[in-house]
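As a plain string of letters, each chain reads:
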Amino acid sequence: MLLSVLYIIGITAEAMTGALSAGRKKMDWFGVMLVASATAIGGGTVRDILLGHYPLGWVENPEFLVITCVAGVVTTGVYKWVIKLKGLFIRLDALGLIVFSIIGTKVAMGMGLHEVICVVSALVTGVFGGLLRDLICRQQPLVLHDELYASVALVASVLYLALLKFGVNDVTSTIITLVVGYLLRMAAVRFKWRLPSFHLEAENSIH
Amino acid sequence: MLLSVLYIIGITAEAMTGALSAGRKKMDWFGVMLVASATAIGGGTVRDILLGHYPLGWVENPEFLVITCVAGVVTTGVYKWVIKLKGLFIRLDALGLIVFSIIGTKVAMGMGLHEVICVVSALVTGVFGGLLRDLICRQQPLVLHDELYASVALVASVLYLALLKFGVNDVTSTIITLVVGYLLRMAAVRFKWRLPSFHLEAENSIH
Amino acid sequence: MLLSVLYIIGITAEAMTGALSAGRKKMDWFGVMLVASATAIGGGTVRDILLGHYPLGWVENPEFLVITCVAGVVTTGVYKWVIKLKGLFIRLDALGLIVFSIIGTKVAMGMGLHEVICVVSALVTGVFGGLLRDLICRQQPLVLHDELYASVALVASVLYLALLKFGVNDVTSTIITLVVGYLLRMAAVRFKWRLPSFHLEAENSIH
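Residue numbers (this note's numbering), protein chains in the order written: chain B, 1 to 207; chain Y, 1001 to 1207; chain S, 2001 to 2207.
Just so you know, these hints were derived from the structure itself, not from any lab. Treat the hints with care, since some could be wrong.
[Stated by the list, open to error] Rough simulated footprint, nothing fancy, chain B against chain S, three-plus residues with beta-carbon under 8 Å:
{"#": "1", "region": "2019 to 2025"}
{"#": "2", "region": "2055 to 2064"}
{"#": "3", "region": "2171 to 2179"}
All C-beta atoms in this analysis are idealised placements derived from N, C-alpha and C, irrespective of residue type, glycine included.
Make a model of the complete structure from these sequences and hints.
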C-alpha cells in the first residue's frame, strides 16, 4: 500500500524529468510521452522481459502508462517550475530509486529466483529507465559515469533481503530500506561519491 | 486475407527504405539485412515481446524474415530506382503504417487486453520499426520530430476499435480504417502537419 | 560438456574485451560490469527473448553473470596484459563466436523451430552481444562494417545443421564445426575478407 503510493509518486517524478530530456532534444509530444514513459516504467519493463514476468505492469494496469504520458505532456507547460524545484526532484528521484529497487527485489523473490537475481532485478528496475532515456535521447548514459546510483540500488536490495532473512517483517524492512537507501543516495549526490572508474585511451583496442 | 497481402507489401517497402539508411551508413550486406528487417518487422517484434505474445510472427513464419532480407539486399542493386520512386515509397510507407496499426490493434484485442493497450499495441507496431532503424544507424529518430506519424497510428487504431464497437463488421472496419488512415498520413506529409514540440535549452537540466 | 567449458572461456574473454570498450568511454565499475556482461551474455539474452525461451541462461545460472562481472572488473586492473595478449583474445573471440553459434542453433532446434530460425538463432547469439556493447558505448557497430563475423556464424550454423542431418553424431558435428568455423574466422581476420558493402550518399533519402 505505502509502496503503491510511493510508486505512483516515483513514476510521476521520473516521467517529468524524462520529459525535460525530450525537450532538450526538441522532440514533439509523442517523443515527450515516449521518453517520459521509458524513463519512468522502462526499468520495470526491461526487468519483466528479462525475467519472463508477464503480463508487464503497465499492460495489466494501463493507468500507469496514462500517468507517465500525462505527466510528460504537463511538463511541457510547467517545465519552469520543474527546473525551479530541482532540489525536490532530486529527492523524488532518490525516493523512486529505492522504491523501484524494493519492487524489483520483490518481483524476483515472488518468482522464487536466486538472491543474486533478486539484486540484479532491483538494479535493472532502478537503473534501466534512465539508460533507455539516454539511449532514445542519444546522450551519454549518466548512470555509468556519475554519483553512486546503481550501487545504491544494490545496497538497498541487499539490505532489504538481509532484513527479511533475519526475520524482520515486510513493512519494517521496507521502511528501513527506504530510509537508509534514500539517505545513502542523497549523501552520494551531496558528497559526489563515485565508483572508481576505468579510463583507457582510445588506441587501446582489441578490435 | 486482404490484410495479409497488404502486410507483405508493407514489410517489403519498409525493408527497402530501411536498406537505404544502412547504405548511408556504409554498412555491409549483413548490416543491410539487419536494418531492413528491423525496420520492417521490428515494430511487431517489440510489440510481441512487450505483450508476451509468443511465438513472434517471423519465428512462426520465417518467410517474412526471408522477404525482408532479400528486399534489403535487392535494394543495394536497384537503389537508384527506389530513390526515383520516392513518391511511391512514401505512399507504401503510409499504407504500411495503417496496416501495422490495424494488426497491432487486433493482436492486443485477441489477447483480451484493455483498449488503451490495444492502441499502444498499434503505436508500437507502427512506430518502433523506424525507431530501431534509427537506433542501429545512430541517427536522430525521425518519428519523434517529423510530420504526424505516431498520431496517425493512434487515430487509425481508435477509429478501428470504434467501428467494431459500433457493430461494423471486421472487413468494413478494416477498409474504412485503411482509407481514412492513409489519407490522414498523406495529408500530414503534404501539409507538414506536426505535433506541438517541446524545445528546451541545454542548460535546463535536473541531472 | 566440452561446449560448457568452451562457453565459460568464451564469455570470460568476451567480457574482458567488452570491459576495454567501457574503459575507452571512461565508465565507472558499474558501467564496466554492464558492458562486459552485455558483450558476453547479451547475444544469448536477446536470442532467448526473441524465441520466448525462458528462463534466460544467466537467470537460471547466476554464476555466468558473476563471471562476466568479475572478469570485467579484473580487466580494469590487468588491461595492459589484455592489450598485450591481443592475438590471444582475437583467437578466443573467434572460438567464442563458433561456440555461441552452435549453442544458438541447439537452443532453437530444441524448441523444434524451422531451420531458418535455427540459423537466425545462431546469428543473434553470436552477433548481438557486440551490437549491444556498441549501442551502450555509443560507437559505430563494428560487426556491420568489418571482417566476416555474422557470416561466419551463419556458415557454422548451417554446417552444424547439415552434419547432423547427414547422420553425423553430435560430438563429431560440434568438433568439426568448431574447427572449420574457427579457421574461417581467423582467415577472415588475416585476409580481411569482407562482405560487399552498400555505400550511399547522404542525400539519397526517402524521408
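Now for the hints, and whether the structure bears them out:
Counting residues of the region 2019 to 2025 of chain S whose CB lies closer than 8 Å to any CB of chain B gives 6, so the stated coverage by that chain holds, three being the minimum. Only when three residues or more bring their CB closer than 8 Å to a CB of chain B does the claim for the region 2055 to 2064 of chain S stand; here the count is 4, and the claim holds. With a threshold of 8 Å between beta carbons, the proposed coverage of the region 2171 to 2179 of chain S by chain B is violated, since 0 of its residues qualify and at least three are required.
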